[in-house]
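Q: Below are the chains, spelled out letter by letter.
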Amino acid sequence: MEKSQLYAAITAIVPEAVTAEGKQFPEVTVTPGNVRSVMGRLKEEPSLSFDILVCLTGMDYGTDLGVVYHLRSYTFNHMVVVKTRIPDRENPAIDSVCSIFPGAEFHEREVYDLLGIKFNDHPDLRRLFLESTWGYPLRKDYKDDVNIVLK
Amino acid sequence: MEVKEKKVGLENEEYIINMGPQHPSTHGVLRLVVALKGEIVQRVEPHIGYIHRGIEKMCENLTYQQIIHLTDRMDYLSAHINNEAVCLAVENALEIEVPERVKYIRTIMSELTRIQSHQLFWATFGMDLGGLTCFFYGLRDREKILDIFEESCGGRMIVSYNTPGGLMNDIHPNFQNRVKEFLKYFRGVIHEYDDLLTGNVIFQERSKGMGVMTLEQAIAWGLTGPTGRASGFSCDIRKHNPYSAYDKVTFREILYTEGDVFHRYLARMEEMRESMNIIDQLIDNIPEGPYTAKMKPVIKLPEGEYFQSVETARGELGVYIVSDGNKNPFRVKFRSPNFVNLAPLNLMASGSKIADLVAIGGSLDLIIPDIDR
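Protein chains in written order, with my numbering: chain A, 1 to 151; chain B, 152 to 524.
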């Protein structure tokens, strides 16, 4: 499928999301509440079938937090990027996609560990790398006087 | 009578043991908390983070040339391929066309890296299952590749040979001869690997039918590399999204359908042979020319997001760079293959014997610094 065709097909399947053609891959921006239904539709639609979760990234944009999903299709070998932004920095939460992609379990634990984003309905949401008393080091306002020396 | 009753009670009780973080078969500091009923594994829970260095956070304060040196230290057996991933992402973002010579040398180096990684896999996997001879044979041959690296790159394991735009320096004049010598030598001895382990009845009994992942499970969990391909999951980035000089060579993607420990092992054995075929096609045709493109000393990526996947010895390494236009990246994420391949360990090992957990863990060929990052 050509890139413009793919973009049109994605736009048709997720009408509530903001889509952009993107430099590399088509980009879909959704609200945190919609992420599970959008990802489910992208996976189930036979002409798209995004069935592999390649990468799940937690982001700190400075003002708000976010999660970025890279999906790939086994059948067609095309990719899409799904993005969400969570404005609440104090108590950020988003729906887990573990029920759609079981491989997301570790990814989401990593994001919870390093950015403090909670995933609703995650089967086992615990910190992955760090101790429970540690802060959230990938946040831009994280301070560590010992290990991070600012120039 | 009383003693007997107690014994019966114990058999039905679940108990928890710690495997690691210093267990020799975990190849690093991976701690597995295993719930056992008798000798049967009920649950496996990986505890990771013992060598978490915060590489992603460190990258935010480094320039793109400096990041290269950190990627070596993630999957230290695929150091060259990790470097290449970041370099390709930066070059794609800047829309720089690297010289043909660089592409050829990168591909040859990547395949040599793959061979030495699989050699070490073979060596340690044999050792895990009780064949110590494998360890000596594997390291004997791996040393020859490390010598080739040392001659051209300066480093043996942590090479840092790639840099955005090209290579750190040109190959040694002796490089082509040394590689051809090695290929001739290794073709002559690789049958020893099969004689020692592949055809061994004890080894086959211990590995066939263990830790099976079906194709559907492999896709759902996103397994990549030989681990995924043993389940029939066609996921070779070199084939599907070719980079460097992989579009100029013909090679087979090794696929099996069984998805057990034995076929994961077999996939790596066959990949070594395929890698030698790839090097054969390139080694005599390295074009003349510069070894690096013209680059500015300070690299600033245009604002945007860049994603690049490469095929390391263990699977797909994804590099996701978000740039805000400065000389440091805004955010770097490494999608490491080991992290993803470890996740379904519980699924693979539940129901098997505790001794087979070693075989299943070994067949994933885990590198712990790549999991923790």
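Hints may be right or wrong, so weigh each one.
Said to hold, decoys possible - Stretches of chain B that chain A covers, calculated by requiring three or more beta carbons in the stretch to come under 8 Å of a beta carbon on chain A:
no., segment
1, 200 to 207
2, 266 to 279
3, 302 to 315
4, 341 to 351
As the list claims (entries may be wrong) - Taking lysine-lysine pairs in the DSBU-like style, the calculated list, with each CA pair at most 30 Å apart, reads:
no., chain 1, residue 1, chain 2, residue 2
5, A, K23, B, K331
6, A, K140, A, K118
7, A, K23, B, K208
To be verified - Derived coverage of chain B by chain A (criterion: at least 3 residues anywhere in the stretch with Cβ under 8 Å from a Cβ of chain A; other residues may be distant):
no., segment
8, 230 to 239
9, 358 to 372
No lab work stands behind these hints: they were computed from the structure. Beta carbons are placed, not taken as given, at the ideal position from N, Cα and C, and that holds for glycine.
Q: With a C-beta cutoff of 8 Å, work out whether three or more residues of the segment 266 to 279 of chain B approach chain A closely enough for the coverage to hold.
A: violated (count 0)
Q: Are 3 or more residues of the segment 358 to 372 of chain B near chain A, judged by a Cβ distance of less than 8 Å?
A: Contact hint for the segment 358 to 372 of chain B vs chain A: holds, 3 residues under 8 Å.
Q: Holds or violated: K140 of chain A with K118 of chain A, Cα cutoff 30 Å?
A: 18 Å, holds
Q: For the segment 302 to 315 of chain B, do three or more residues have a beta carbon lying closer than 8 Å to a beta carbon of chain A?
A: Coverage by chain A is violated here, the residue count being 0 at a Cβ distance below 8 Å.
Q: Would you check the hint for K23 of chain A and K331 of chain B, treating anything up to 30 Å between C-alpha atoms as holding?
A: 41 Å, violated
Q: If you count the residues of the segment 200 to 207 of chain B with a beta-carbon closer than 8 Å to a beta-carbon of chain A, do you get 3 or more?
A: holds (count 4)
Q: For a C-alpha distance cap of 30 Å, please report whether K23 of chain A and K208 of chain B respect it.
A: 25 Å, holds
Q: Please count how many residues of the segment 341 to 351 of chain B have a CB within 8 Å of a CB from chain A and say whether that reaches 3.
A: violated (count 0)
Q: If you count the residues of the segment 230 to 239 of chain B with a beta-carbon closer than 8 Å to a beta-carbon of chain A, do you get 3 or more?
A: violated (count 0)
When each numbered hint is compared with the structure, violations occur for hints 2, 3, 4, 5, 8.
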